[in-house]
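Start from the sequences and build out the full structure, keeping to the hints where you can.
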Amino acid sequence: MAPDGGDGSRSSGASGKSGGPSRQVLKKGPWTAVEDAILMEYVKKHGEGNWNSVQRNSGLIRCGKSCRLRWANHLRPNLKKGTFSAEEERLIVELHAKLVLSMGSSTPAKLRQCTSING
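According to full-length UniProt numbering, the residues represented by the sequence shown are 1 to 119, in order.
Hints listed in this document are in silico derivations from the structure and should not be mistaken for laboratory results.
Mixed in with the good hints, there may be bad ones.
To be verified - Label pairs and their calculated CB-CB ranges:
hint, residue 1, residue 2, range
1, 34, 96, 38 to 44 Å
2, 100, 25, 45 to 51 Å
3, 78, 30, 21 to 27 Å
4, 37, 101, 47 to 53 Å
5, 44, 65, 34 to 40 Å
6, 80, 102, 39 to 45 Å
7, 72, 33, 17 to 23 Å
Yeah, the Cβ is synthetic: ideal placement off N, Cα and C, and Gly gets one too.
Below, the structure is given as structure tokens:
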């Protein structure tokens, strides 16, 4: 059996050696629709931030980092997924060109200073 209990879940809290609080097993793996609904309701009521309090105040058995990432990458209402629009793609190319041009004049000189090939 693995040290984490063998089921792939993590524990939080103090170790049981010193008689501290019992460990709560945190759920890992895919999120359910019920968990998503709980997290969305929590964020609607309390706003984004202090993700570690989500577990204490919502009943979810997920760590704060897991809740933050689920919100940021899957549940956020203004999250846009899919391909870039033509305008977005044009802007990316334009900004990339500006960035490369602004770095371009000093980069070769810096590279010459950093390499041992030139002396």
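Status of each hint after checking the structure:
Hint check: residue 34 to residue 96, Cβ distance near 42 Å, so the stated range 38 to 44 Å holds. For residue 100 and residue 25, the Cβ-Cβ distance of about 50 Å falls inside the hinted range of 45 to 51 Å, so the restraint holds. Look at residue 78 against residue 30: about 24 Å separates their beta carbons, and that is inside 21 to 27 Å. Distance hint check: the CB atoms of residue 37 and residue 101 are about 48 Å apart, consistent with the given range 47 to 53 Å.
For residue 44 and residue 65, the hinted distance range of 34 to 40 Å is not satisfied, since their beta carbons lie about 20 Å from each other. Remark: the range hint 39 to 45 Å for residue 80 to residue 102 is contradicted by a beta-carbon distance near 28 Å. Take residue 72 and residue 33: their Cβ atoms lie about 19 Å apart, and the range 17 to 23 Å holds.
Violated hints, in rising order: 5 and 6; the structure is consistent with all others.
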